[in-house]
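Construct the complete structure from the given sequences, taking the supplied hints into account.
Residue numbers (UniProt numbering): 1 to 92.
Simulated from the structure, these hints should not be mistaken for lab results.
In this text, all values refer to a predicted model and were calculated from it rather than measured experimentally.
Hints are supplied without guarantee of correctness; some may be wrong.
[Claimed, not checked] In the SDA-like style, the derived pairs of lysine to any residue whose C-alpha atoms are separated by at most 20 Å in a straight line are:
(1) Lys87 x Ile65
(2) Lys87 x Arg76
(3) Lys87 x Leu75
(4) Lys87 x Ala74
(5) Lys90 x Ala78
(6) Lys90 x Leu69
(7) Lys90 x Pro79
(8) Lys90 x Glu80
(9) Lys87 x Leu69
(10) Lys87 x Glu64
(11) Lys87 x Glu73
(12) Lys87 x Asn77
(13) Lys87 x Glu72
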Amino acid sequence: MSDNAVEPSEVRHVADLARVDLDDAEVERFTEQFGEILAAFEALDEVPETDRETELTNVMRPDEIREGLTQEEALRNAPESEAGQFKGPKVS
1 MSDNAVEPSE
11 VRHVADLARV
21 DLDDAEVERF
31 TEQFGEILAA
41 FEALDEVPET
51 DRETELTNVM
61 RPDEIREGLT
71 QEEALRNAPE
81 SEAGQFKGPK
91 VS
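Given below as structure tokens:
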């Protein structure tokens, strides 16, 4: 990858989109860093593809229907309830 993979004008454009003010030193630093990031992605393109060994399978157990709490049991420890529902503080 060339040293000019990212231009300072592109860094300024991205900074403007992000509403970030950058001085000239920061633009230069980010230009170099973006170039390094792009070089790392380019290196990933060189990694050889491999065949998958097996198909993925779901290792989770199937859902089971089980008896739940009654409404009274669910509300038993509630500090306050009203009309069969939990009652919490008012939020304004």
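How the hints compare with the structure:
no.	hint	result
1	Lys87 x Ile65	violated, 28 Å
2	Lys87 x Arg76	holds, 13 Å
3	Lys87 x Leu75	holds, 10 Å
4	Lys87 x Ala74	holds, 13 Å
5	Lys90 x Ala78	holds, 16 Å
6	Lys90 x Leu69	violated, 26 Å
7	Lys90 x Pro79	holds, 14 Å
8	Lys90 x Glu80	holds, 13 Å
9	Lys87 x Leu69	holds, 18 Å
10	Lys87 x Glu64	violated, 30 Å
11	Lys87 x Glu73	holds, 15 Å
12	Lys87 x Asn77	holds, 12 Å
13	Lys87 x Glu72	holds, 14 Å
When held up to the earlier numbered hints, the structure conflicts with 1, 6 and 10 and fits the remainder.
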